[in-house]
Every structure is written in C-alpha cells, then in structure tokens.
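Chains as they are written, first to last, in the working numbering: chain S, 1314 to 1751; chain E, 1314 to 1751.
Everything labelled a hint here was simulated from the structure, so no lab data went into it.
Treat the hints with caution; some may be incorrect.
Since the list can't tell identical chains apart, any single copy or any two copies may satisfy a pair.
[What the hints assert, rightly or not] Straight-line alpha carbon distances no greater than 30 Å define the calculated DSBU-like cross-link-like pairs of lysine-lysine that follow:
| no. | residue 1 | residue 2 |
| --- | --- | --- |
| 1 | Lys1492 | Lys1459 |
| 2 | Lys1608 | Lys1459 |
| 3 | Lys1608 | Lys1743 |
| 4 | Lys1492 | Lys1519 |
| 5 | Lys1459 | Lys1324 |
| 6 | Lys1324 | Lys1655 |
Given next are the chains, with one letter for each unit.
Number of protein chains: 2
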Amino acid sequence: LRRGAITNLQKIVNKTHAADLSVVFRNLSVNSQRKLFDMIVDYEQRAVLLSELSEYTFTDFIETIEVEELLDVFDHMPADDVADLIADLPPEKADAVLEKMKTEESEEVEDLLSYDDDTAGGIMVPDFVALSEENTAREAIESLQKDFPDVEMPFYLYVVDEHERLVGVVSLRQLVVVKPGTPLRDFMTTDIFSVKTDMDQEEVAKIVARYDILAVPVVDDNNRLMGIVTVDDVIDIFRQEATEDMLKMAGVGEEFVETQSVVSSTRIRLPWLFASCIGGILAFFIIGHFENTLKQVTYLAAFLPVIMGMGGNIGTQSSTIVVRGLATGRLVADDLRNVVCKELCIGMILGIIYGGLIALAAQIRFGAELNTAMLAVSVGLAVLSSMSIAALVGSLVPMVFGRINIDPAVATGPFVTTSIDIISVYCYFKIATQLLGL
Amino acid sequence: LRRGAITNLQKIVNKTHAADLSVVFRNLSVNSQRKLFDMIVDYEQRAVLLSELSEYTFTDFIETIEVEELLDVFDHMPADDVADLIADLPPEKADAVLEKMKTEESEEVEDLLSYDDDTAGGIMVPDFVALSEENTAREAIESLQKDFPDVEMPFYLYVVDEHERLVGVVSLRQLVVVKPGTPLRDFMTTDIFSVKTDMDQEEVAKIVARYDILAVPVVDDNNRLMGIVTVDDVIDIFRQEATEDMLKMAGVGEEFVETQSVVSSTRIRLPWLFASCIGGILAFFIIGHFENTLKQVTYLAAFLPVIMGMGGNIGTQSSTIVVRGLATGRLVADDLRNVVCKELCIGMILGIIYGGLIALAAQIRFGAELNTAMLAVSVGLAVLSSMSIAALVGSLVPMVFGRINIDPAVATGPFVTTSIDIISVYCYFKIATQLLGL
C-alpha cells in the first residue's frame, strides 16, 4: 500500500462503525487485523470492535496485543463485555490484566466472572443509576450528570433503600415531566420485575420480551441490586439460543464452528454422526435377520427408502414443532399428553393417506409381476406404522426432556432420527413376513 | 362459579400482567375468554392482551366483541398494533371500525395498512417526538409533557427541518444533561442510521441489533420521518424469523400451526410430505431397475438404511450451518465457492472415516458368508459418495438460493433430503453392480 492509499483507508476506517469493521476483520490475516486495529483512532470504536469479534477470531488476534494496550481499550468498554473477553484470554494474560486494572474496576469484573456465563449474573452490567427515595427529581437529574456520566443507557433509575435493596423504579421520562421538587418516593413504581443473579439467561430474555421493557434489574438473594440486563443483550441471547437450538437439532454441537478450519470443523461434527452410524449398523443386522424373507421377495428392498424417508420427514416436522413451540412458549411441557396425542393423530391420518398412495404405486409397479396384492398392502401398512411411530417419538422425546428440564433440542438430533429408522425397518419386515406368509 | 369465587378471580386477573393472561387465554373456550376479558378493568391491559393473541385465537374471540367495545380498546393501543389487528378482522368489521375511529387515528392506521406487513413501514409506530432544531432543551422537555404525552418510549427525540425531513437526533439523556437554553442544533447527532419504509423487517432488525440502538427512524424516499421501529418489535422479529426458518427447514410451512385443530394441522403438513413421497416412489423404481443385482446379492438391501442415514444426517448438518450462518451474517452468500468447497472437504473426510468403519462392520457380518470383500468395499464407497454428495448439495443449494435472494431456509427442507436419498441409492447400486461384477 502506498502512503496516500493508507491515509485514505484510515479516513474510511474511522468513518465506519466498528460493528461493520468486525465483519471485514474476521476475513483478514492477523497481520492485517493488527494494522486495521491501529488505524482506529477512537478507543470506544476499538472497544466495540473487540467485543463484536467471535471467540476464535479474538483469541488469535489478542496474541498481538500488549497488556497495556488492552487496558486502554477495556477502559472504554462496559464491565460485562470486559468480563466476557477476559474469560477468553489465556490465564496468564487474564491475570496480568486484572492485576493492572484500577482496583474498583477489577473488582467489578471479578464479581462478574464469578457468575455462570449463561445466567443473569453473567450477562448483567453493573453500570446502573441507583438513588435514594428521598432524592427529588431535580437531584436525580443532577446526579445523572455528575455521578453517573458513564452509565450506558439510563432509561430507568432504580430506587434503593439504605441496604441497597431495590424498592422502586422511575423512568427518565417520568423524571422530566414531574415537578423538579418531587421526591422519587412520590412517583416511583414499586411494582417491579426483577430477576435473581442465577436465573438462566433465556428466562431473563423471555421476561424482557414479554413485558416489553428496556432493562430488567438483577438482585441477589437479599434483594440487593447487583446490575441490570439491557435489551440489547436480550436480542443477542435470543439469536444465540435460536442458533444453538438449530445446531443441536442438526447434530452439530451448539457452537457455530464453520468459521474454523476444515480439520476442527470435522472433529466437532464427527461424534454427532456416530449415533447414526451405530444405528445403521444395527439396521443391517436386523435386515440380515430377515434374510429368508428378503431372498424370496427381493422387491421388499425397493421400499426401504420410501418407508424410512416418510418416517424421517414427519418425525422432523413433529420434533421441530415441539422444540420451537417449547422455546417460544407456544407449547408448555406440562401439556405432554395433549401435544403427543395430537401429533400421533396427525401422524396416523397422514400415514393413512400416504400409505394408501404408496401402496397404490407399489401395486402398479410390482403387483402384476408378483401376482399378489399383499406386497402393496405390507408397504402401505409399513408406511402407516413408520409415520405414526415417527410422529409419536418425534414429539414424545422432546416433550419429556422439556418436562425434566433437559434441553429438548438435544433430544431431537441424530438420536431420534436413527431410532425411528430402526423401528420402522423392523416393523416393515415383520409385517411383510406375516402378510406374505414367508 | 360462586359469586365469591368470581370476585376473588377478578382480583387476581387485575393483578396479573396481561402478557401472562394471554397464555391462559388461548386454552379457554370462547365463552370463558369473553368472561375473562370482561373482568379486566383497565383498558390498557385489555389492549395488551388483544395484541398478544395469536391470529387464530384472535379471529375466533373477536366474533364475540362489538365494534364499539373494540374501539374503546384500540384507543389504548399503539397504532402499529391496531393496524395489525385490523388486518386480521373480517373485512366488514374492519371497515366499520375504521369508519367510527377518530379521523386522525384512522388516517394513521390506514397509512400503516398500506405498507407491506414485513417491511419497515408495516412494523413502525407513528408515535415519535419530532422537534425543530431551533428548539432549546427546555422547550423540548416542555413539549414532551404537553405535545407528546402518548409517545410510548421517547428515548430519542428526532429533529426535523421545515419539510419534516430528518436532520438529527438527540437522546433524552442528552436533553437532561445540557444547559436548558441550548438549542437542539448545538448538540444533536447528525450522523443518523435511518431505514426506508420498504426495507425488509429482517434487515431493519439486523441494523438495530448491530448498532445496539433502541429505535431506528423510518423515512420515505424524500427523507421525511414517517415513524420509528422500536427495539421491542425487533426482538419479536428475530424470534419470528428464527421460528419461520426452523419450520421451513422441517417442511411445515412457515406459520406455527400447532395451536390449531388436528384437521387443519394435517392439511398444512400434508403437501410438504409430497416431495418425500414422490422421491420414495422414484427410489423404488430405481431399485427395481437393479433387480438382477439385488437378486444375486440379497444382502445389498441390508445397507440401504445406513447409506441413506449417514447421507441424510451430514446433509442436515451442512444445510443447517449454511442457513443459520446466512441468517446471522456469519456466512455471506458471495462466499459461495469457499463455503461449498469446505463443506465438501468435510463431507469427504467424514465419508472416508465412516465409510471405513461401516465397511469393516459389513465385512465382519457378511464377509465370510459371501467369501468376498467386494460387498464391504462397495458399501464403504457408497457411504463415502453419499456423504460427499450430501455435504455438497446440502451447502450448495442454500448458498445459491441466498445469492439469488430466495430464502435459503426453503431450499433445505424435504426437497433436498429427498434428492440426496435418490442420488445416494443410485450411486450405491451402480458401484455394487460394477465391483461385484453383476
């Protein structure tokens, strides 16, 4: 790059929002990443960029950054993001950073690090505005300017008693519309939604979404205000949880790994296919067991794909509906009997329709040749049983998992598909052996 | 219910947030729904309840409500929600409601109804605070109290010129920390993110999420401020889009229908299984074509489940990764060649590993009996080809769809699975026929 080009590039970089730069960033070599990072003049923008990076990009890039430089950037970052990044640092570097931070800040960050990543405590920011109920609206506004210049988004001002226990909330909007001399006590809302530090982040997100609030206060067991979870983090949680659910259902773990190398992607996907492999091997032992049946009516083999395919597809339908229904609250785990019965009914109706259709096709293709309608009847019945079983298992397993508080999405990946396959194949050969009198 | 019980119930109902009541609501008969609705004293809570209902619950329930009653509730609802509900009303009722509304309001609602549901125009609220740049901070605060008492969440105040064109934005926070006499011009931000009325809602949501803002202004082609999209709607959009993607991938349309009756659920799911049915019938014609091969080595049939299963599972992995990667921006459609090559590599590596493993199992079970290793070799090669093809097709189809701006999620349902099945079966029999010299 020529000197002129660099100056131009620098101008562009500093006019671009760091969230956009992060997209470019991950496609660069570590060397170019370093150059780009240095071009960013504003420390706030550097902070946004760092916190937007994926874990893998961050750990590679961070090698090039000195502890001192990192501290300068962390100064311009909310404490929850700092804690997240420190958790991803190599241990020695993390310790060095925490040691050199200002005491107050490092205490904040260490507090945050002590909570589980996926709980309210792990995602809250300790930057909130807390005032006493004696304060007037005017004092509150003054305090906003003087005492809380760093608070990111002060839409709500929390009111606490002398023991830091949460007693009320006022919105910034209320503050500007009441008479300046009114004490907060007189217009604060005392009916507050708050969450405990150990609540699962998905539950927290659902509360914020359900009540359309911009932030929810996080309290400890003594109702002391510890932090707030803001709506921007809630958006990230929902997107992350949806991604995790989809990946689990597809059997690819729960981390989005496609930005990694071929070798690591392969390693992560390898074990998830093992269930399917074992299932397949089991299936060929089962079919081997029906060797005699198969020898006499070779055509039986021709229907394996359609029987497995129809079962597989309706099973995916049922399990997706249940998993997503539970995640969005449209279905509740306690409603097990109703949901499963309904899916079974749907499976049986669709099984009768498609079983009939496929039996008809089988009769047209092979009926004359074999001089019996029993092959077609067996195929039809096998499709019906395969589809009913698939709808049953596909809805039952995630519902049961949801009820005993295991993530339903895990229950629906390769394991369920494979067991449906095996049961279907077994039923098919059993029915055919009986009906064809073999 | 006895009289005392009703009074008690009424107390509970009025203490419960309407968002929670909506969960109970959908499990009640229309009659009980009506009684519950009447128990709610506060019109705002009635409004929240109505806007939280699913389309199907709403259309059934609304039969029991008179136009006048509906108007009272709509008075307490933001215009975008009113527009959404009116769109779901039967046409005569919708017309009656619009006629009887106050002119100003009905104009607002009719304007909103003219935009496509899934665009910025369809989801924006017309309740925003717009001021002139000549206004001082004090005037702005006064105006908040007098002119805009209804604005839901006034975190941002927009500054417009004499033609209503958007020129700047100030936050409520800035308003309270500057000197009261400062004109907005002096501290407003002129570098604003805004979106056009016809922008797709998913794009709008991504902008709000990326820049961590609470609301984004919506402008028409002349940069005139028409409304704002707030962060609470953005959360709903992300959840809805994730649900749609999952349902499309599972082949169940895009609406969540499990709250409907068995018959309507069945009707909606029926056509999506047709691709799989046709594919399965095609597969038995293909296998019928290899009748001779199959007659001589009956055992070939035993490996159909494992070959199809391994291909199906890796295909689901690849397509889920691509679809979700595109939706979250972790993958970009322009990167087609890289993404597809990588998936193909992964497919081939996993194919070699599992192909080897399954061939070994096949040799152990059937090798001695048949006195040849060729069956095992055919099976191994078939697994390899099935997995490579599945990874290729599973990533290529959604990437291509993403590039030509068709929703990639549609591309990955039953159609892809079925075509992978057929290709795999064909390859398997072709390979076996060759290797076993049949």
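Going down the list of hints, with the structure as the test:
1. Lys1492 x Lys1459: both (20 Å within a copy, 14 Å between copies)
2. Lys1608 x Lys1459: Classified as neither: same-chain Cα gap 88 Å, cross-chain 88 Å, threshold 30 Å.
3. Lys1608 x Lys1743: both (15 Å within a copy, 20 Å between copies)
4. Lys1492 x Lys1519: neither (35 Å within a copy, 39 Å between copies)
5. Lys1459 x Lys1324: neither (34 Å within a copy, 44 Å between copies)
6. Lys1324 x Lys1655: neither (61 Å within a copy, 35 Å between copies)
Figure legend: structure checked against the earlier numbered hints; hints not met, in rising order: 2, 4, 5, 6.
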